[in-house]
Amino acid sequence: MPNWNPDQLRAITSRNKNVIVSASAGAGKTTVLIERLVRRVLDDRIQIREILAMTFTEAAASEMKKRLADQLHHKLENTHDPLEQNYIQTQLSQLQNAYISTIHSFCLSIVQKYYYVLHLPHSRISTILDQNTVKLCAEQAMERAFANQYQKKDPVFLSLAQYFSARSESEESFRQIITGIASAASSQSDQQAYFQMIQASYGHFSSLTELPSSVQQNFFDAYQMIWETIMESTKELYQLIAVRYPKEEKKQAVIEKKIEALKLVKPCLDTQAYEAFRMNFINACRVILPTAPNRDDKTYGDLRKQIHEMEDSALADLHSEITLLKDLEAQSRDLDKLLEITKDYLQYFAEEKARAGGIDFDDMEHFALAILQADNGRIADRYRDQFKEIMVDEFQDSNDVQHTLVSLICKPDNVFRVGDIKQSIYGFRHAKPQLMKGLIEHAGEQDDIIYLRSNYRSKQMIVDFNNQLFDKLMNIKGFESSYASSDYVTTGAPAQQTHNKPICFHALDYTALKEEAGYAIHTNVCKASYIASKILELKQQDHRSWKDFVVLVRGNARKDDMKAALDEQNIPSFIDVKSGFYQSDAVQILLSFLRMCINPHDDIAMVSVLLSALGQRSSEDLAQAALLKAPNESYYTYYQKYPFEGFEILEEHIQEIYTKTLTEEILSIYEIQQFYQKQITLQDRTNLDLLYQIADQKEKQESLSISGFLKYVDEIADMETAEAIPIGSDDDVVRVMSIHQSKGLQFPVVFLWSNSQQPAIDFKEMVLIDNDLGLAMKHMELPQRFVRTTIPRIAMEQKKNREELEEEMRILYVALTRAQEEMHIVDYVKDEEKYQNDLSQSRIYQRGGYSSWILYAFLKEHSALFTYEHVIHMRSSIKNIQDKQQSMILPAYDYVNQSVHFQTASAAHQRDLSVLELCPVKKGADRGTALHELIANYEKLKDAKEIAGYQIQDQDRSEVQALYQNKLFLEALSLPNHYFEYSYTIKDKETILHGYIDFVAYNEKQAVIIDFKSDHNMDEKEYIVRYQDQLKQYKQAFQLMHPGLKIQIYIYSLKLAKMISLF
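Numbering (the numbering used here), first residue to last: 1 to 1063.
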C-alpha cells in the first residue's frame, strides 16, 4: 500500500462532491486516479458498469483497466469470503466492457447504442473512417461548395474570390479559410451560436463601445502592450544616457519630455477612450528621441531605433474611430457570405462521409451530443441514472463539446476531474484550459478543489529551478497564465534530495565552433553534433544506458538533424516521425512494381523496379539499354527482345496481374529475390507489414482492385502518414521526440534543443479565426487592393499573440519537468550582456524563445541551481570515444514469427502462404523459421522433409513432438481461442504498435503466451535474460487489446524440452 500524502489521500477519499484535482508534473496524478477508482469499486461498492472514466489516450485507458484488474485479482486471491469473491468476479466480468475509455470511445458507444435516435444507418456508425478518407471527403465537399457558388454567379462571392487572391484561378487561401471556420465551429457544442457570435462584431455601430466586450478588451490590450513596451524602452534609454553621458542634459530633457507625453496616454487606455488615446499617442510620437552623443554606441542606437519602429508601426494602424466602424459595416455582407459557404461545406462534408459509409472523430462527439440532447434529454437521463461516478483525466485539454457532454450526464456532485493547467499544450486541438481555470476560480459549495504539490519524479534542484523560473515567467502582468503559491512544488521522497546536479545551460559559441571545424558548419548540424557528443560523454562517464537519454525538440524538423548526428556517432536511437510512410524506400519500390505490372510501358515505374533489389540491375546496365533501344521504345519492349536473367519473373507478374487479388500480388512481390526476407531493413519490413494491412482492409471493405488501390495511394500519398514503429518502449536506444510527444513521460537525463527566438505568428492571412472572438478580416479597397486593419483584427492578433506565448510557456514547463536526474539545455548565445535585465511583458513579446526566458531569469543571479557553460569547442575526448564505438544494431525481436493471417491450431482451412521472415537474417534463421512453421502446422507437416528451404532432421521432429506432449501446452490448446503466429497492430495516440506472437491462447479470464525458441547452447537463465524484454512487450500489447485478463508468459525451449515461466 503506497504511503499517500494528505493531499493525495484527500483526492482519493473525497465523496459527494465535484472534485477538481490540480496536479503538478510528477505528482502521481495517474496513481491517485486509479486508486480512487479501485476504492470506489471495492470500498464503496460502486460497480464498474456504474463508473465512467474518460482519458486522453487509449493507452491511458488500457493502463487504467490493467491496474484495476490487477487490484481486483489480488483482492480475489486474498479473500475467502464467498460473497466478496462473487462480487469481485462480477466486477472482473464487467471490466472488458467498462466505460473506461477515451472521450471519443465513449461518444462512439453512445452513437452505436442509440444511433436510431438520429435515424443513422447501423452500417455507417460501425465504420470509422481513416484520416486519409476523411481528407478526401473534405476535399470533395469543398469542391461542391465552391461549384455551388460559381453556379449562382453571386457577385459577393466573386468579390470575395478577388479579396483572397488577385489571381482569380487561385482559390487555396479562400478554401483554407472555409476549412478553418468549419474546424472552429466543429469544436463548439452549439455551432449556430458560434456563427451568431461571429456576426455580432460586424454591421452598423455608432460607437466602439457597442462592440462585444471581449473585442473591446483585446483591442485596448493590444495598445496597452505597445504603450508599455515603448514606455519601458524609453525609460531604459533615459538610464543609458544618464549613466553614460551625464553632461548631455538637453538630450536627457528631450527623453524626459517623451516620458511625460507617454504618461498622458495611460489614462485613456484605462478608460478605453479611443479618440483621446489616439490623439495623445500621436502627440507622444512627435517627440523625436535624440541620437546618441557617441555614434558608435550600438546599444543606445539599437534601442532608439526599436522604439521609433514600434511607434511607426502603431501609427500606421491608428485610424479614426469613424473609419474603423465604417469598415465593419462594409464587411458585414462579405462575412455573411463566408458563413454561408462554411455552412454549405459542413453539410456537404457530412454527406460525403455518409456516402463513404462511416463517421470520423468529430461525428462521434457531435452525434453523441445530439443524441443526449434529443427528446428533452431522455437518453442523457439514462446515463445520469447509471453513472454514480464520472472521472475526467487530463481535464485541462477538454474542449467545449466534451465539457458540455459531461454536463449533460452528470449529477450535481459526482464528477472527479484531474489535470494541470500548466500542462495544457493542445491549443491546436481547440483545448480550452480556461474551462478548468473557471471551475477552480468559481468553485461552489459542491466543489472540492485539491492541489497535488509533491513531486515524486525530479531531483530537488530540478524542482526548485522550475519553481523559480515559472514564478518569474508565468506571473508577468498582461498574461492570463499564473504560477500561484498552490503551483509551487516540493519533493515527495528523501531520495530526490541526494546526488543533485544543477540545470546546465550549454551556451554554444558558433564563431568559435566554426573556426574549430575549419568551415562554415550549419548551426543545426553543429548543435545536433554537440548534443550527440555530450550524450556519448555522459554515457561513458556515468555508465548509463542509452535509454536513459532523451532529446526534446520543439518541432519535427529538428528530428532529422538529431538522427543524422546520432547515426554519425553510431548511437542507437529511435525517432518517431509523423510522415514519410508512403515515401519510404520499400513502400515506393512495391508501389512502383504494381504500377509497372498495370502499365509495363511506364518507364519511371520500370526503372524504379529494375534499379531496386527486385530487379537487381545496375545504373550502367540501364544506361547501356537507353543507348541501344529505339528513341520511343519503352524499356519493357526492349527487354522483351533482349531479356536479362530474371526478367522472366517480372514478365510473369505483368502477364498475371489481372488474375490476382491485391493482397495476393503484394505477397508474391515480397518473395521475389527474397525481397522481404533478406533485402530490406527492419523498418522497411515493418512498413511493408503496415502497407499489407492497409491493402487488406481496402480490399475487404471496398473490394479495391490493384488499379483502385494505386489511385487511392496517389490521392493520399502527400498526406501525413507515419512510418510504422519497429521497436518497443524498453529498447536500449536514445529517444528523440517532440515536447508534445514527451508529455506524461520521464527520463533520467533530458536534453532540450532550445531556441533563441520564436517566429512571430504569420498574420498575413486576410482572415483570422478564433474560438472566442470569431472572425477578423482585414479591410480591402478594390480594385486597388489597398489594405488596412480593423478593430476585430487588432483585437484578435493581440489575443492570438498572447495565447501563443502563454502556451509556449506551458510547453517549456512540460519540457523542463520530464527530467528525473539531469536537465541540459543547449542553444547558441550571442550577447550575454542583454540578459542582465529582468523578465518583463515587453521582453516576452519580443519573442526571444525559451533560451532568452531562462537566461533573463537566471544568468545574472549566479544561482546554485543553474550552471552556464560557454562552449567554444567540442571536447577533445569525444573523438576517442567515437572511435571506440562499434556500429550498433537496434534491438529487435530475434525470431518474430511470420504469418500474415491468424491461424488456429488445427489449421484445417489455412490458406497456404509463403513464410515471411520478419527479422534480420542470421545463422539459424532458416531452421528457426522452418520449426515455427512445423509447430503451427504439425498435423499437416509432421512428415515433411523440407520446409522453407530447410531440410527437416529427425532431431527437429522429436523436439516438436515433445512440445505436443507438454501438459501446459496441451491445456493452452484446449482454450476456446488459440492462435499461432498472432499478428497485432494497435494504435496508441498517433503511433502504431505492431508485432507477432508465436502462440497465444485465452478465454474470458486468462491468457497464455508462449514464445518458441530453437536456440542451442543456452540454459534457462540465458533464455530469460535474452528474451524477457521481448516477452514483456508481447504482454503489454496483449494487455492493451484484452484488459482485465490475467496473462501468463512462457518460453518453450525446443532444445531443453522445457516450458520456462517468466511473469
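These aren't lab readings, by the way, just hints derived from the structure by calculation.
Do not take every clue at face value.
[To be verified] In silico DSS-like cross-links for lysine-lysine, where the CA-CA straight-line distance does not exceed 25 Å:
1. K711 - K764
2. K860 - K967
3. K778 - K764
4. K547 - K514
5. K700 - K678
6. K778 - K337
7. K764 - K337
8. K678 - K711
9. K501 - K547
10. K388 - K113
Going through the numbered hints above, which ones does this structure break? Give me the numbers in ascending order. Violated: hints 1, 2, 4, 5, 8.
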